[in-house]
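Listed below, chain by chain, are the residues.
Number of protein chains: 4
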Amino acid sequence: MRDIQNEEDTREIPLQKVGVKNVKYPVQVLDKNKKTQNTTATVNLFVNLPHNFKGTHMSRFIEVFHKYHTDISMNSFLEMLEEMGTKLDAERAFGRITFPYYIEKNAPVSGAPGIMEYTCTYEGEVTMQNKGEVSPSLQPAAQSSATPSNGPQTPARNARFFISIKVPIATLCPCSKAISEYGAHNQRGYVKVKMLYSDFFWIEDVIKMIEDCASTPLYSVLKRQDEKYVTEHAYENPRFVEDMVRDVYLGLKNMNFQWFTVEAETEESIHNHNAYACAEFSQSENPAIKNAE
Amino acid sequence: MRDIQNEEDTREIPLQKVGVKNVKYPVQVLDKNKKTQNTTATVNLFVNLPHNFKGTHMSRFIEVFHKYHTDISMNSFLEMLEEMGTKLDAERAFGRITFPYYIEKNAPVSGAPGIMEYTCTYEGEVTMQNKGEVSPSLQPAAQSSATPSNGPQTPARNARFFISIKVPIATLCPCSKAISEYGAHNQRGYVKVKMLYSDFFWIEDVIKMIEDCASTPLYSVLKRQDEKYVTEHAYENPRFVEDMVRDVYLGLKNMNFQWFTVEAETEESIHNHNAYACAEFSQSENPAIKNAE
Amino acid sequence: MRDIQNEEDTREIPLQKVGVKNVKYPVQVLDKNKKTQNTTATVNLFVNLPHNFKGTHMSRFIEVFHKYHTDISMNSFLEMLEEMGTKLDAERAFGRITFPYYIEKNAPVSGAPGIMEYTCTYEGEVTMQNKGEVSPSLQPAAQSSATPSNGPQTPARNARFFISIKVPIATLCPCSKAISEYGAHNQRGYVKVKMLYSDFFWIEDVIKMIEDCASTPLYSVLKRQDEKYVTEHAYENPRFVEDMVRDVYLGLKNMNFQWFTVEAETEESIHNHNAYACAEFSQSENPAIKNAE
Amino acid sequence: MRDIQNEEDTREIPLQKVGVKNVKYPVQVLDKNKKTQNTTATVNLFVNLPHNFKGTHMSRFIEVFHKYHTDISMNSFLEMLEEMGTKLDAERAFGRITFPYYIEKNAPVSGAPGIMEYTCTYEGEVTMQNKGEVSPSLQPAAQSSATPSNGPQTPARNARFFISIKVPIATLCPCSKAISEYGAHNQRGYVKVKMLYSDFFWIEDVIKMIEDCASTPLYSVLKRQDEKYVTEHAYENPRFVEDMVRDVYLGLKNMNFQWFTVEAETEESIHNHNAYACAEFSQSENPAIKNAE
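Protein chains in written order, with my numbering: chain X, 53 to 345; chain L, 53 to 345; chain H, 53 to 345; chain V, 53 to 345.
Just to be clear, a hint being listed does not mean it is correct.
One copy or any two copies: either way a pair holds, since identical chains are not told apart in the list.
Claimed, not checked - Here are the simulated lysine-lysine pairs, DSSO-like style, with alpha carbons at most 30 Å apart:
hint, residue 1, residue 2
1, K305, K280
2, K244, K73
3, K275, K305
4, K106, K84
5, K280, K87
6, K280, K76
7, K86, K106
8, K280, K139
9, K244, K106
10, K280, K157
11, K76, K157
12, K305, K139
13, K157, K84
14, K260, K76
15, K73, K305
16, K76, K86
Rather than coming from a laboratory, the hints here were simulated on the basis of the structure.
Extracted from the complex, chain X is given alone in its bound form (with noise of 0.2 Å):
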């Protein structure tokens, strides 16, 4: 049967990424305190084609995330773009997947217990050195690693690796309760953090930073004392969003992450639209990328 992607094309134009798009797909991931998760995610798989070949083959994309997903730690995930870079006979494979996930989470109060959902994103690229077998220095630590080491960045110039949480949050403004004989105006707003993966962390505790950054963290179920803790919290933490990017920012500098970015986003309740503020942080003197917003 004739093979059309595999014929020659004479355009001379190479693709940066080709692939499928949007594949819903379950998959389990690691968890802190349950070990595992089961989760449902949207996936994104790409390779490069060179400028001499028609067409890529979209079947291959599926087959290989389908041996991986039931088991998709940070470590996999990599393991998963390189066998589908060599499948494909590619130069570059890439891959994205978002999921929600779940960390249960009791009233401040009365200890109420409920669920939270955060969105996380794995983001991964892979330089194959040589086609067709494994490099023995993609070695990333990762969350299945009972043994935290280096990530891929320093021993594996091939592999780099993102991971991106959003987290739901409360901010009061500072402004409005300065100038206002009593209240403040207040809202729910989300932080998305990107980090480029060096060593490893547990994303629960990134979570965790980033809810102790805001005027108030969220929570699934709030009794009236609850209730009360938290408007009164909020009340005396007010941030800007100009605030939860740099404490934000702080708190990853604090955790070594060597790139990061940080947005925050917040659907103020006095007007229609948002407020938005971002930045990014590079050890090295050239960023890798700049991503935000």
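Take the given structure of chain X and dock chains L, H and V to it, following the hints.
Then chains L, H and V, alone, in the frame of chain X:
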């Protein structure tokens, strides 16, 4: 050329609706202050299909709408549906268009000008009386009418017309205010009303009434003196989502609508989910439609 | 601490529904092949509010749902609503959860395995008979039941339960095929069915029936021999959106559902808008609900 | 009244961007055939914030945009950003507006008229040279310009302007056609291009070029003779998503754009996921931005 749609179907299943969805078109609608307003609409158009026909003729929906898109008043909308029903030789014609509607609104203290966006929907259903000729009784009064008159419901039982308006507002929680030493959680939300059209009214008047029911209306531009006013005004006017529905319900009843629904939904600033309430009013004993939520 | 929600309201307006929307929770549902399936849900929960109460107690909705989220069968869903109505001292309780549901499906020729995503919704309404005690008549058979039995409609007039399933499919246009020398436009679309629950059934069986009505089912993985098969199969089975609705209608009638709606919508490949059709079936003369489109 | 935003911040963290997102405004843009077009925009506006200030003044963004919303040419868009930067005493100002753009297009055989919607984005960045005074070198040629001239890049290194256009198209799969006895799967998709602005061009011309690269353009209204033509035309012009990117790439290069990205994504009619490809072109050796996907 063969016309399969027109061929006979033997499955004996009439279809309630068949047509086109998600058509994007520029439209011109009426405006209380500026006479007309240019905006952009998402359009759904349907007719019924008797059991003995295989299919409808999709191109005719757009052909008829194209004729009317530069003048979408409440009046011409029903005319358009009547013409669509005629062209498609149908017994019933349905249409729904949703569009952003813009109103200039000044800040409450400084008077700084800005524009607010509201979402409006026109939804109509016309039952054809004599297929092929336009019913003389289809004469609803509408925004285009210089002299308001009676609407479609009484004189012409062959048409029903609904108008929905979604208004962004803010609510400040009465419970949070009552139990806390200081502050109170507040948030953006919206009120959505859907009214059966009978007598002439201006969209602007319904929006004004709804905004007056909120803890505070929203604005595009607020200088510091405005922010102080709005913050204090909200603190003085706490509203549950239930209060929003009940106050707007009274407002619409006072405006003499014969049938309506009111929904309110608020993006709770202390949770990552929303609070919701709805109510329906019907002058007659057999409510036409339950359509909230 | 003051309980404002419990205070008296004098506006004399009962609310049909009040509660929480857009709650995100992990859930466990039943699965024909694997017994249970972990997935992620969006949850809306409401009760009615009598005219004389100021507000409902929002935290109780989540507290009750939290108890049940690890076992959402059709059966336990109504139990959950009954408990919610009791805890909130309401006359009626409503709930709707929507979740992706995954089924492994092999390619039609090569047998290559892949997973397909479908969207399911459980929607229930329970009328409390004696506030505070669980009705013994509330015993719908459900997917959890080993021995299928009669559903909620007949023995217990106090509960109604609906299941919706959205199935992606492809249609190839009969008109385009008939009038063209070669080729025919085809496209992705979906069929959405909503059934009133009465007797036990598997979601998997409804999905299979719907996919068999399409020009071709969709697959996650298709090798070249599969692509050839699927292309030719679609060309041999042209379907209008009207045909999809009518064939699925016959299929659901054969499965003995007492009330249902069928909708089909296709992302026409020659237009930037969609084609749509819907039909409703009711065994009784007073159709319960018109809810399509 | 206290101005907290203006107070000093000691965390020593500059913010790349701070401002407003998701502002909804009516706008007037240029139109090749009708001179101007009224449409509706979603607007994001930002400036940088030096490390020593606590916050920005959000109301000023909307105040400046309000002045310009009735005349958004490529030219005035940069002027608006320059004024925004000045009013906010910033070093850099950023803006992005996205709006539907409508073009009347006749059916290919019958000539039946209809309107197509495309999505356009203007994105600009202005670096202020002397805070407080408008730079005389900021004179990009733009659609408003009667005599096309050189753009912002060469004479004024202080501004960059990007235009994105998203065009819905259809592709027919070359592989499916080659391996099947009859038929070929085809589907709706879109091509999105983003160009660095330098010389004057009309959006309409880029759209025409992109539609000519597709298996077939899309239309709002197609009569049967048009449907036959479009079906056969698509069958005669099979295109992979990779082909779409490469042909549009050549088209943009021929139009002399100095930097651009091309993305194509198709809603595969045999899968429930999409196929995707992208490429980037840069005349200079240091590509400005990698922003596809």
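We went through each hint and held it up to the structure:
no., hint, result
1, K305 with K280, "neither (33 Å within a copy, 36 Å between copies)"
2, K244 with K73, "both (22 Å within a copy, 15 Å between copies)"
3, K275 with K305, "neither (35 Å within a copy, 35 Å between copies)"
4, K106 with K84, "neither (45 Å within a copy, 36 Å between copies)"
5, K280 with K87, "neither (34 Å within a copy, 43 Å between copies)"
6, K280 with K76, "between (41 Å within a copy, 24 Å between copies)"
7, K86 with K106, "neither (46 Å within a copy, 41 Å between copies)"
8, K280 with K139, "between (57 Å within a copy, 22 Å between copies)"
9, K244 with K106, "between (38 Å within a copy, 20 Å between copies)"
10, K280 with K157, "within (18 Å within a copy, 35 Å between copies)"
11, K76 with K157, "both (27 Å within a copy, 14 Å between copies)"
12, K305 with K139, "neither (38 Å within a copy, 33 Å between copies)"
13, K157 with K84, "within (13 Å within a copy, 32 Å between copies)"
14, K260 with K76, "both (29 Å within a copy, 19 Å between copies)"
15, K73 with K305, "between (33 Å within a copy, 27 Å between copies)"
16, K76 with K86, "both (24 Å within a copy, 19 Å between copies)"
Hint violations for this structure: numbers 1, 3, 4, 5, 7 and 12, all remaining hints satisfied.
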